[in-house]
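Asks: Chain by chain, the residues run as shown.
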Amino acid sequence: MKNQIIVFFVSALMMGATMTSKSSAAMTRVKFTDFFVGETYQVGPGMKPEFNLSESIQALHGNTVEILGFMDGILPRDGMHFMLIREPTALCPFHTSSFDWAAFMPVFLSNSTEYIDGPIRIVGRLDVGQKTDEMGLVSYVRIYDASIARAQ
Amino acid sequence: MTSVWLALSYLRARPLLNGLTALAVALGISIVVATTTLSKAARQSASETAGGYQLLLAAKGSQIQAVLSTLFFAEAPTGNIPIEIYEQVHADQGVTLAVPFNFGDSFKSHLIVGTTPDYLHLIRRNRRSSQQTLLKGRWPEHAFEASLGAAVARATGLTIGDTFTAAHGFVELPEDLSDHHKAQPYTVVGLLEETRAPTDRAIFTTLDTSWRIHGQFHDASSDAHDHEGRQITAVLIEGRGYADVARLNALMAQRMDVQPIFPGRTATQVLGYLQRGQSLVTSIAWLAALIACLGIMISLFAAAVERRRQIATLRAIGASRATVLGVMAIEGLFIAGLGAVIGVAFGRLMAVAIAWQLEQSNGYLLTIGQAGLAEISAIAVAMALGLLAGFIPALLALREDVAKGLAAMT
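Chains as they are written, first to last, in UniProt numbering: chain F, 1 to 152; chain W, 1 to 410.
The set of hints was computed from the structure by calculation and includes no laboratory data. Keep in mind the model is a prediction, meaning the values are calculated, not measured.
Simulated DEER-style distance windows between Cβ atoms: (1) W:L287 x F:T28: 39 to 47 Å; (2) F:R77 x W:L274: 19 to 27 Å; (3) F:R150 x W:I291: 28 to 36 Å; (4) W:L294 x F:A151: 31 to 39 Å; (5) F:R77 x W:Q275: 19 to 27 Å; (6) W:G161 x F:R77: 32 to 40 Å; (7) W:T96 x F:P45: 22 to 30 Å.
Here a beta-carbon is modelled for each residue, glycine too, at the ideal position from N, C-alpha and C.
From just these sequences and the hints, can you work out the full model?
Replies: So this is what it looks like as structure tokens:
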């Protein structure tokens, strides 16, 4: 009887603990500054610089990565993808003709989200290479099957 | 099984004390449940109202004010913008829906909103339904025709064919002050179905109604396409995709007379303010629940002292420490569990009552969702606390010497 109660109590505590802690499986943390080598700043309309994806980011293609950033304000109705931006600026990429190509990245989620204020942590499968993505934009780096959490 | 039976009979022996302790737990849990349920409902309603690839164009000023005004009909607008902005975005290839808004008048504190039939498409998209029968009667076609939101129709008793006169602005003026728009009564031509959204609280009319009222529409018989000088308060647009919304946002951000706003982001900011208050209330409620569990502990500790002889006898006839421990733990578990279940029920009742009261007084509509994980975990946490509250006095009681306990007979 005593053992049963103790087992119940300990398992209840453990359930509580696993509910609050986040899974800490091995993954690589990447940063926006890791994406490219060389110039990434576009100074005017049509003045896109030559892009060189870094070797380290290309090596991570298909791997599960973690990245911190902010959410851009433009969200589709289903909340399944958004633009991750490096700085919490009121402006998002494409707002001006001059912007940093290494400051934003499309994120495709596995579960719907609402807009989240403040820094967020994205974990998902990294996809590297130039293509027109599912948001209809040309992107060089993106994340699929992503999960989203508030970064503390 | 014997321990459970013993625990229950102990509980039955002190119905008032245990009942009161359970009630204390119930009150604490009910506040936790009521606040979380209400805030969930508020979040739900906000995300349904401000969702999609949307961009709001309004006069410069507070973004929160613009969103509360245009999407929630709960504030005065930030100002006026020229009609050409609406015409520009309406003609844009990347815009799938452009809904203009024109605020200014009210009837019995219900806002009169000038807009176009596109507003109906917006409601349909917000409700994620293709249902076409959203409107009984028809949408206003001419100035001073009106369609009523469901809550307005219910509150005023107006129906198709009735007429009413509006007051200028957002405050209802006393009878002898409110003769400003007496001359032009509105005619009800349509009734909207209930949407459980801000739509229910408003009256809809055509854009030119308020131009006529405010003299911007100088000559009704002149060329209808002459929009010079006409103004609206906001345009809500929905884009085809990310790139179109970003492009329009960039375009509008350069203008001096209008600002682009992402409604979803602003709604989140508003909810963020509310959340700070809510988390304070919730933590106080949890503190109350914790104090209630402390009450369980005190009650069980008193019981243990009282039962010193019984415990000693039980142990003398061969009951293990575990049995004694188990009995008291089950008592704690039972009191907390009963309290928590009553608390969840009472808390949800409280949330429904508050939502009903809000709807009656302000017309704010909150739909209380189904009970879910939050309620179950509230019960689980309360029961864990109850178990703990039973354990501690039991451990203390077991430290007593059996012989001393038996000798304590008088």
